[in-house]
Amino acid sequence: MWLTSALAVLTVLSPTLAATFNPSTSTWYTTPAADFASTLPIGNGRLAAAIWGGTVDNITLNENSIWSGPFQDRVNPKAYDGFTESRSMLEAGNLSAANDVVLQDMVSIPSSPREYHPLGALRLDFGHDASSVRNYTRFLDLNTGVAGVRYQVGDVVYRREYVASHPDGVLAIRLQASKDGALNVVTSLERSRYVESLTAGSGKGMGTLSLKANSGQSTDPIRFTAQARVVNRGGRITTNGTAVVVTGASIVDIFFDTQTSYRYPDEIERDAVVKKQLDAAVKSTYTTVKQAATSDYQSLSGRVKLDLGSSGSAGNQPTDIRLKNYKTDPNRDPELVALMFNFGRHSLIASSRAGSSSGLPANLQGIWNQDYSPAWGGKYTVDVNLEMNYWHAQVTNLADTFEPVIDLMDKVLPHGQEVAKQMYNCDAGYILHHNTDLWGDAAPVDNGTKWTMWPMGSAWLSMNLIDQYRFTQDKTLLQERIWPLLKSAADFYYCYLFDFEGYYTSGPSISPENAFKIPKDMTIPDKSTGIDLAPTMDNLLLHELFTAVIETCEVLGITGDNLTNAQKYSSKIRPPQIGSYGQILEWRREYEGTEPGHRHMSPILGLYPGSQMTPLINQTLANAAKILLDHRITSGSGSTGWSRTWTMSLYARLFDGNSVWHHAQYFLQNYPSDNLWNTDNGPGSAFQIDGNFGFAAGIAEMLLQSHAVVHLLPALPDAVPDGRVSGLVARGNFVVDMEWSNGELKSAKVESRSGGVLVLRVQDGKPFTVNGEEYREQIRTVAGKRYTIRLK
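The sequence shown lines up with residues -18 to -1, 1 to 774 when you count with mature numbering (1 follows the signal peptide of the UniProt record, and there is no 0).
Hints were generated in silico from the structure; no laboratory data involved.
Honestly, I wouldn't trust all of these hints.
Claimed, not checked - Using 20 Å as the maximum straight-line C-alpha spacing, the simulated EDC-like pairs for lysine to aspartate or glutamate come out as follows:
#1 K194 - D248
#2 K554 - D508
#3 K728 - D700
#4 K731 - E759
#5 K161 - D111
#6 K469 - D382
#7 K287 - E759
#8 K194 - D111
#9 K509 - D409
#10 K767 - D704
#11 K457 - D382
#12 K509 - E73
What the hints assert, rightly or not - Quick list of simulated restraints, FRET-style, between CB atoms:
#13 D111 - G183: 28 to 36 Å
#14 A16 - T269: 30 to 38 Å
#15 D543 - G484: 16 to 24 Å
Source: prediction; values computed, not measured.
C-beta atoms are modelled at their ideal positions from N, C-alpha and C, and glycine is treated no differently.
Make the full structure from the sequences, and use the hints.
Set out below in structure tokens:
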């Protein structure tokens, strides 16, 4: 938003006014978006818009439950026989044959779940010749969530604002001209596929655009009703059958909503919900809807403030120019790091909100997608990506956004139980393989030795679930929603695991998404496979799951088999092994990997987001994890944006702040598109939101850790000797504000929101005081009380 009240008046935007955008909290540009990766993304968790901002504005629209079709029962009828046969072959050391059986008999039919689809576009044609436009500015304010466009044609300044309202459940747009009667616009809804009806009408002083469409399936497709209301102030409103035409207006307000059969199977009810929400928004007026939307958004965005130093004139450039300049001189623009951190938080607020029925979390593209076959289907990929989407949620004070993950897991649960029965003959518990969709599809995905057979999705997501409790201390949530999922996940593994070489063992399984050369004594030598028994990642995930079950039993006072089984299985999980050059082994034997610089960091998941390999827990394993991490990086890892940001958090856990900062700068130099979206391997490649979220998590982990103790400034880089942050959250529900100077903590305040025990560490173990007294031992805190920490 504009930073002075004077800017509320429509005036020509000068270059000096452009410099008033906050370099840490605003993205802005002097041209319309040239492609989807340059658009301005906003959303209310369910609805989203990507704003292009041209003189003809094709606003890409999304709704998070518009996917390619209904639920599919994809389990291969041969899966259980293939499972038992391949496991026996792996036990016997016949990796080649086991690989063949898995891919012949355990691959699902069809091999993939549903894909995420776009809704369509809202087209606004202002009749302006692009060559006549002057003083163009397009912006996104990460403080308020409001996007805008402003430019001049002749002596008239045209302004647009775009708001995604969570309270009102609509998108709202205001179009305005500085001269009465100068605003003309043709508005239409557009979709290229599966349109059932598209109409435009006018009456009661407004225009109405209506679109009905479906997902294109011949049987039981997802259907939706979308509608826009066009309200003019001044001028005349007409229709031409498919568009609403406004001429001679001063202000035009547009309100948009859509509802789908995913939430409202009955069309009459679906239409009624759209009508009710739009009626209410029109009655409230744009100003009221905007005020409620920004107040709601700021209640989340404003919780954390980050200052990593001033960029000066380097930060006063348009965002696309800043990104270009950063490639050659990153040290001049530390606020670009803060901007990317804030953009990550904005993206989660916009794509994942609690409170809507049948909530859906941020998918592989958050919520923004213009393609009917997006990269990797735009699905929920759970061998790292969905988990990474929420790594920063709790620590950056956005635990509220996590509820849709629990909602999705509730949908996975019954399907995962059915898959567990059909594929593994396990009557208790649920399984999830490496992808799912909005229906909670739990069957294996794709057909490949490095992807398909990964039965650990429920275990990894259990880490995110227990962290929600660890940060919030919400026992009701733990008992009513998290515990049933943890229990069911553990129940499956009690059935699925088998005793092999003295350990409870998984398999057939993989280390996502890596492969190794088969040794001579395990059949066809040098042929590659990813399928084996007991990959290190599986063991780390099982350790985390059973630890979470034990912790939950202790918190909730649960005894009996739930506790004893977790204790029994936890004690017999294969511990991490160390290889010939001191590295953590990725598999049960020291196989030769086909990609030494593989992008996944699966075998050191115990360093981050787990804790088994961290220096404060096990220095030996931390050292071995560092050797593998360094080897991965020097061999070319971090080759995707999300992988590079995972690296940031891994080095933070090793207390190596300079490496965190190096990888943050490398990420900013190589991966973001012009609008700051993360890409797979650089601008022009596929957009994935996980890298944006992973970046925010890495910066937070650099400043605050809490897996072992509440650790202040554990990995402060030399490049950021002075700074401050407020509102970060530590496990135990402690809110932390910190300021540092000359590379040392100046002061910190820790607010205890739930009471409980506070164990502290500052930087590399520096002595400090708490409320003026030397810190010697843990503190039993009082809920609502703040504790001040200073170095001695």
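| message | Under the constraints set out in the numbered hints, which ones does this structure not fulfil? | response | Numbers 2, 6, 7, 8, 9, 10 - these are the hints that the structure violates, sorted from lowest upward.
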